[in-house]
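Engineer: Take these sequences, add in the hints, and give me the full structure.
Below are the chains, spelled out letter by letter.
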Amino acid sequence: AQSVTQPDIHITVSEGASLELRCNYSYGATPYLFWYVQSPGQGLQLLLKYFSGDTLVQGIKGFEAEFKRSQSSFNLRKPSVHWSDAAEYFCAVEGGFKTIFGAGTRLFVKA
Amino acid sequence: EAEVAQSPRYKITEKSQAVAFWCDPISGHATLYWYRQILGQGPELLVQFQDESVVDDSQLPKDRFSAERLKGVDSTLKIQPAELGDSAMYLCASREGQRNTGELFFGEGSRLTVL
Numbered sequence: 010a011q012s013v014t015q016p017d018i019h020i021t022v023s024e025g026a027s028l029e030l031r032c033n034y035s036y037g038a039t040p041y042l043f044w045y046v047q048s049p050g051q052g053l054q055l056l057l058k059y060f061s062g063d064t065l066v067q068g069i070k071g072f073e074a075e076f077k078r079s080q081s082s083f084n085l086r087k088p089s090v091h092w093s094d095a096a097e098y099f100c101a102v103e104g105g106f107k108t109i110f111g112a113g114t115r116l117f118v119k120a
Numbered sequence: 563e564a565e566v567a568q569s570p571r572y573k574i575t576e577k578s579q580a581v582a583f584w585c586d587p588i589s590g591h592a593t594l595y596w597y598r599q600i601l602g603q604g605p606e607l608l609v610q611f612q613d614e615s616v617v618d619d620s621q622l623p624k625d626r627f628s629a630e631r632l633k634g635v636d637s638t639l640k641i642q643p644a645e646l647g648d649s650a651m652y653l654c655a656s657r658e659g660q661r662n663t664g665e666l667f668f669g670e671g672s673r674l675t676v677l
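Protein chains in written order, with my numbering: chain A, 10 to 120; chain B, 563 to 677.
FYI, nobody ran anything at the bench for these hints, they're computed from the structure.
Some clues are possibly wrong.
Simulated pairs of lysine-lysine, DSS-like, Cα-Cα distance not exceeding 30 Å [claimed, not checked]: (1) Lys-70/A with Lys-119/A; (2) Lys-70/A with Lys-58/A; (3) Lys-107/A with Lys-640/B; (4) Lys-624/B with Lys-107/A; (5) Lys-577/B with Lys-624/B; (6) Lys-577/B with Lys-640/B; (7) Lys-107/A with Lys-70/A; (8) Lys-107/A with Lys-77/A; (9) Lys-107/A with Lys-573/B; (10) Lys-573/B with Lys-633/B; (11) Lys-624/B with Lys-640/B; (12) Lys-107/A with Lys-633/B.
Calculated Cβ distances over 10 Å to all of chain A for the following chain B residues [claimed, not checked]: (13) Pro-570; (14) Ala-580; (15) Ala-629; (16) Glu-630; (17) Val-635; (18) Thr-638; (19) Glu-645; (20) Glu-670; (21) Leu-677.
Using N, Cα and C, we set each Cβ at its ideal position, and we do this for glycine too.
Structural biologist: What follows is the structure, encoded as structure tokens:
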């Protein structure tokens, strides 16, 4: 069965600094991988997805993620964080027609 | 822009009472999901529908939870009786097919508080 691990429960970065959120997955075959963002009290919105091809994928709001099969990782990055990026971020893996989410990483942005 | 509609947004109830949540997916989306999200955790799949049929309800506590999608469009999730541990956000999501290159579209959720 597939699983997703997000090692960091919360991260604090300064506005303008770079960001990297970690995600490790477990799945026997080639996974479909996603990053979603959730603002307080809201549903989840897709940031980006990886299905195949180029291992560096671009998403909305200036985010990107890199798929590394050898490390079973799909880390999310952003070169310069804005205060509006403060939210909860979820990595997800799809396998067997089921999407499994990690526990999430809460991002705090300080001025 | 098409959205997944959920109601109610907030529900406060006492334990042992019955509660129901409603979801209307994006038009044309054949697959519908109910997720439960406990505060501080990621969404956990409760039930998945393909049209009107249940594809996966392995994580649905069937002694108290039920879900239906009678006409393959909107769906209802019911809890009877509610317990304190059911306090959570209940998220509905839909996608066009069972598996495609698209994404899950989420509603804003229904937050349940059981007293």
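Engineer: Each of the hints needs a verdict: does it hold here or not?
Structural biologist: Status of the hints after comparison with the structure:
| no. | hint | result |
| --- | --- | --- |
| 1 | Lys-70/A with Lys-119/A | holds, 18 Å |
| 2 | Lys-70/A with Lys-58/A | holds, 14 Å |
| 3 | Lys-107/A with Lys-640/B | holds, 22 Å |
| 4 | Lys-624/B with Lys-107/A | holds, 19 Å |
| 5 | Lys-577/B with Lys-624/B | holds, 17 Å |
| 6 | Lys-577/B with Lys-640/B | holds, 14 Å |
| 7 | Lys-107/A with Lys-70/A | holds, 26 Å |
| 8 | Lys-107/A with Lys-77/A | holds, 21 Å |
| 9 | Lys-107/A with Lys-573/B | holds, 28 Å |
| 10 | Lys-573/B with Lys-633/B | holds, 26 Å |
| 11 | Lys-624/B with Lys-640/B | holds, 10 Å |
| 12 | Lys-107/A with Lys-633/B | holds, 22 Å |
| 13 | Pro-570 | holds, 14 Å |
| 14 | Ala-580 | holds, 24 Å |
| 15 | Ala-629 | holds, 16 Å |
| 16 | Glu-630 | holds, 20 Å |
| 17 | Val-635 | holds, 19 Å |
| 18 | Thr-638 | holds, 18 Å |
| 19 | Glu-645 | holds, 22 Å |
| 20 | Glu-670 | violated, 5 Å |
| 21 | Leu-677 | holds, 20 Å |
Consistency note: the structure conflicts with earlier hint 20 alone.
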